[in-house]
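Sequence order for the protein chains is A and B. Mapped onto numbering that gives the first Met the number 0, the consecutive letters of the first sequence carry residue numbers 0 to 677. Mapped onto numbering that gives the first Met the number 0, the consecutive letters of the second sequence carry residue numbers 0 to 677.
Warning: the hint list may mix true and false statements.
Heads up, the list lumps identical chains together, so a pair's fine if it works in one copy or across two of them.
Said to hold, decoys possible - Capping the alpha-carbon separation at 35 Å, the derived lysine-lysine pairs in DSBU-like fashion look like this:
hint, residue 1, residue 2
1, Lys226, Lys431
2, Lys646, Lys226
3, Lys357, Lys195
4, Lys195, Lys356
5, Lys357, Lys431
6, Lys342, Lys195
7, Lys292, Lys646
8, Lys226, Lys292
9, Lys357, Lys342
10, Lys431, Lys626
These aren't lab readings, by the way, just hints derived from the structure by calculation.
Protein chains: 2
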Amino acid sequence: MLYVERVKKRNAAAVERAASDAGRRRVLIENVWPCVDAGRYPIKRVLNQHVAVQADIYADGHDVLDGRVLYRREGEASWRIAALEREVNDRWLGVFQVTDLGRWEYTLEAWVDPFATWREQLQRKAEAGQDVAIELLVGASLVRAAAGRAEGELASELEAAATALERNGPEVDRVAAALDPVLSRGMDQVPDLSRKTRFERELCILVEPVLAQFSAWYEFFPRSTGKPGQHGTLRDAARFLPYVAELGFDIAYLPPVHPIGRTHRKGADNSLEVEPGDPGSPWAIGAAEGGHKAVHPELGTVEDFRYFVAQAERLGLKVALDIAFQASPDHPYVAEHPEWFRKRPDGTIQYAENPPKKYQDIYPFDFECEAWESLWQELLSIFLFWVAQGVRVFRVDNPHTKPLRFWEWCLAEVRRQHPDVIFLAEAFARPKLMYGLAKVGFSQSYTYFTWRDAGWELQSYMAELTQPPVTEFFRPSFWPATPDILPEHLQTGGRPAFVVRAVLAATLSSNFGIYGPAFELMENQSRPGSGEYANSEKYEIRHWDLERADSLRWLIAHLNRIRRRHPCFHANDRLVFHPTDNEHLLCFSKRTADGSDIVIVVVNLDFFNAQFGWVTLDLGELGLDPKREFQVHDLLRDVRFQWRGAKNYVRLDPKELPAHVFHVRRHVRGEHAFEYFA
Amino acid sequence: MLYVERVKKRNAAAVERAASDAGRRRVLIENVWPCVDAGRYPIKRVLNQHVAVQADIYADGHDVLDGRVLYRREGEASWRIAALEREVNDRWLGVFQVTDLGRWEYTLEAWVDPFATWREQLQRKAEAGQDVAIELLVGASLVRAAAGRAEGELASELEAAATALERNGPEVDRVAAALDPVLSRGMDQVPDLSRKTRFERELCILVEPVLAQFSAWYEFFPRSTGKPGQHGTLRDAARFLPYVAELGFDIAYLPPVHPIGRTHRKGADNSLEVEPGDPGSPWAIGAAEGGHKAVHPELGTVEDFRYFVAQAERLGLKVALDIAFQASPDHPYVAEHPEWFRKRPDGTIQYAENPPKKYQDIYPFDFECEAWESLWQELLSIFLFWVAQGVRVFRVDNPHTKPLRFWEWCLAEVRRQHPDVIFLAEAFARPKLMYGLAKVGFSQSYTYFTWRDAGWELQSYMAELTQPPVTEFFRPSFWPATPDILPEHLQTGGRPAFVVRAVLAATLSSNFGIYGPAFELMENQSRPGSGEYANSEKYEIRHWDLERADSLRWLIAHLNRIRRRHPCFHANDRLVFHPTDNEHLLCFSKRTADGSDIVIVVVNLDFFNAQFGWVTLDLGELGLDPKREFQVHDLLRDVRFQWRGAKNYVRLDPKELPAHVFHVRRHVRGEHAFEYFA
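Chain A extracted, bound-state conformation:
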């Protein structure tokens, strides 16, 4: 069940193999890459991606080596095989593709190739004009042994080749036969693996849907989608979905939809004073009507939820559900499973707190309780319940306050049955803890992007997020704001701030999300002195005027269209920042591996004043000829500029549109007209 047990089985087998006849296994395999914490955690890929495996492979002496990558879906009896090729400095590379969702594993084998070694030496001796009669006999015996390992036609061919090497013909002919590439290829098909070295660990890959790597999330409160003055229902929310689809999002994400507790319910603006009619926070989960597997009566029924999912699917949207593992004092668990909560000496249940703050409307589960195993099973069953209702995407609330080993087990169990499920970790926690959650299985993670607004902050943060090994397990999701967080720059920066933060989130990170309609309607009123919204939708029903003339919906829709059309935005590698001579101007590019798609983004981080200056492009990175003009096509404005060389002038006015998203078009056929840029 637990990961450690699988490791135990795997290690025992690997050690067994290594011990047998160890003295004659001359090849060493080291520094295998990619891997996370020496293979303790899986690397992450999405469906049909390629895995490029590298390793140092060497042996004593100068013999020719050969090797291969072994890979398979976890549970498959036999290994699939990919070739390993030697690069420089004893580094080897092999590539394979992961063609199914779920867990895969891989390792490496390498061995001394006596025939290739012999062939190389024979060639050198023959070139030096030395007598090679004896050498040809040595080769014949190697080929004959290979014939014994071969079958059918190959066996007879090798047998014939062996005979040819040792017969009494002219030496020059026999040398030619020995060096014949056809013979080498035949020998390569039946290598002598009796003394191969197997890398001592089997490494793991978690293969997820493409959506895990490239996604646009739209969060909204279904209760705010009703008629003004009414509590919206899931049917209302279903009618809201075309708007979400029109904005170009992939995922419609709902806060918890469960019955909301009444005891210690919070009033408007998180007040301890609750007014009659205050709807309460959706994160205070559980009431007489049910808990995590029920739907809040005012939203509708589980049936309505299924209808909502079906409507989303018709529009090409996935539904993401918020899973918050905590209970209101009215949650049925409190009465039925008091053993899952921590009791205080006075017999009451310990509520959540961050002294001196108290959250008496929330009871956390006690993961250290004696009944931890039944608690784990129940929490798993919550995911499985919603999967059964059609949910394939979960946003997990505060996962950093639940044990990492629980998540490792729980997410693996969900995926074992449903490998197409993805999980977003809502952890704004310490860096190591955020990385830890990604390692134990979260597909995507919220990030500090929400607060990083200076150019140097964004550059250094992106450097951290795009470095190995972080890239092997951590997929950032960039959110300009969430229902919990209205950062200061949005409070004060006005419309330009919303524009720039949307452009940054959508182009810096292949996964991003917005909390709407507050975002596109540029909601920027905060509770005084806080980083939270005034009249927060967490505690009251809001009505949003989607048709407002100043809405940023056109921009959001445009950004999502650009993201879909440009594969350079489907991943975060190959992000490069380009220097500017004005610190308010931030310039970066993204490109695909083959350079066929390149986009340069420039934003003005000063939300109040026009800024201008020169960007200095890294032309080598962009594959641009410093001597030739190229065209940059601003996809936001649909205007084109002719640029040339590294230094180019930019002016961005927050009163107009403080961002460029330039598609780079190079000359491909001629240089006499625009239509020849591509």
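Given chain A, work out where chain B should sit, using these hints.
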């Protein structure tokens, strides 16, 4: 016997531990440093060195954690314990000392500290003026549980403290009692370890004699120490030892001393034509008189060898013996153990070759033979034989042409019985293979220093050698020349080249060696068009005039004195290169960890012309105040200069002495006189 078996035992135990009650072990321990290849190989230390262990340690939530380092000599039943302290960003640090030679192991444990967590929260609640009556009862039960884990006086103290927390006194007094640091210290003595996390691997340390890290080697041919025209003996060589000691070396290293083969013996200058009286190469081991456990009759007897070792010891010198695992065709092994050699189809034994070159005087052992286990045992017994004759240092010839797993086993077996033995790997091979030999157990390694002569080459090579993880397993030994290698710069650079290369070898690397008396007598005649000596001592007896007026013996002796007196030269960390405005001038510094010893070296790499220019010192690295003068005392010339600030002028003339070795002295008491520099 084999490493893998030990690993197997260790892993099984670790996995067992982790699996029990895994769900409630909330702490994760990751990125443990130092380690080599995820613990597959030991890190290296010398006797009484400290090991600073770092790890990322974190758990879900905000609880206070605690942890400790566990360490012990391999085989000890119980762990010793060192404290772990939290640094920044969830990184923890613990330090312990390795006080015996041999293998040690270490790992980490960490756990949630409920008392410290409770104490922190109590403090915040009390400061906010909240009622803490219930909290005090929670604390009392934690303290009472700890009393149950304690014994004697501590148990009663904790019991009393628990009672004090829950009695009906004024809350303010009970809070004060709860926050009493004495109580915290008591609680820390009996932590609740029932849910501790143990790091999943036990990491290994190889603790070697200090000589493994700081050593000066002097290689010489004992047969050249006799009277002119005579074959020197080990008794002659013993009379040569005071000269070696006077030059300040630690190790007197002899090429192989075994009977030399006659079949295909090489003549002068590696000629295939042998003249009567040609002594042959000491590396063509084995004759009718014996093999690897015998002494060449012209050198003397095993008894003479022991006398030689005893004389060396009286002078404070260790004797290093050259171990070359190969046989001349006349070696007794060839007749007694033909199964250890590779037979060709014509029944002859395969000699060494590097096509088209043939080395018919050398038969390599066949490590892939069926009898590999008896071969391994016999080769081990050769080391043990010479250990029994008093040898504690071995220079191993061409280890890169024997399997790495053999070395891993063989060196470990020698050390198991004699942990004071050190091994130098003579491998000028591909980088990964050289590092591999260091990982499997060689104490020191020859390097590419011999050929690195440009300033940028030395800088980039030193950067590679002083980076982690290389520093954890690879100890470079710098040799300006060896009997096999007379680099081009020594062939053409004259006396200045010998001076500069000696200074660089002795100061860049804590381990260095020279092949004498050829080096101090500046022997620079090469076989035309080669990187080898003319009239190589490998094939003939040379007579050296040690009293020659131009001998560099004074310089060598001086360098060895400086190295001994200055602890900054006893390790290679804290080496920093400082820029110069003249590419011929190379400037670097070494310092001790506490900055109490700092030396700046400047050399002129142009062996023909005086060069001058400005060095720009990194004053921060050197701990120097940019505004105050400091004194640099040239230890080679015994002259002093007043320097100030980062930029200082240097002029070095190869016709005089093309190197400075400056001891840095800072003002410590006043600034009115020279004697106040220290």
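Taking the hints in turn, this is what the structure says about them:
no., hint, in the structure
1, Lys226 x Lys431, "neither (45 Å within a copy, 71 Å between copies)"
2, Lys646 x Lys226, "neither (54 Å within a copy, 76 Å between copies)"
3, Lys357 x Lys195, "between (62 Å within a copy, 29 Å between copies)"
4, Lys195 x Lys356, "between (62 Å within a copy, 29 Å between copies)"
5, Lys357 x Lys431, "within (26 Å within a copy, 58 Å between copies)"
6, Lys342 x Lys195, "between (59 Å within a copy, 23 Å between copies)"
7, Lys292 x Lys646, "neither (59 Å within a copy, 73 Å between copies)"
8, Lys226 x Lys292, "within (27 Å within a copy, 99 Å between copies)"
9, Lys357 x Lys342, "within (16 Å within a copy, 83 Å between copies)"
10, Lys431 x Lys626, "neither (46 Å within a copy, 42 Å between copies)"
Hint check: violations occur at hints 1, 2, 7, 10; the rest are consistent with the structure.
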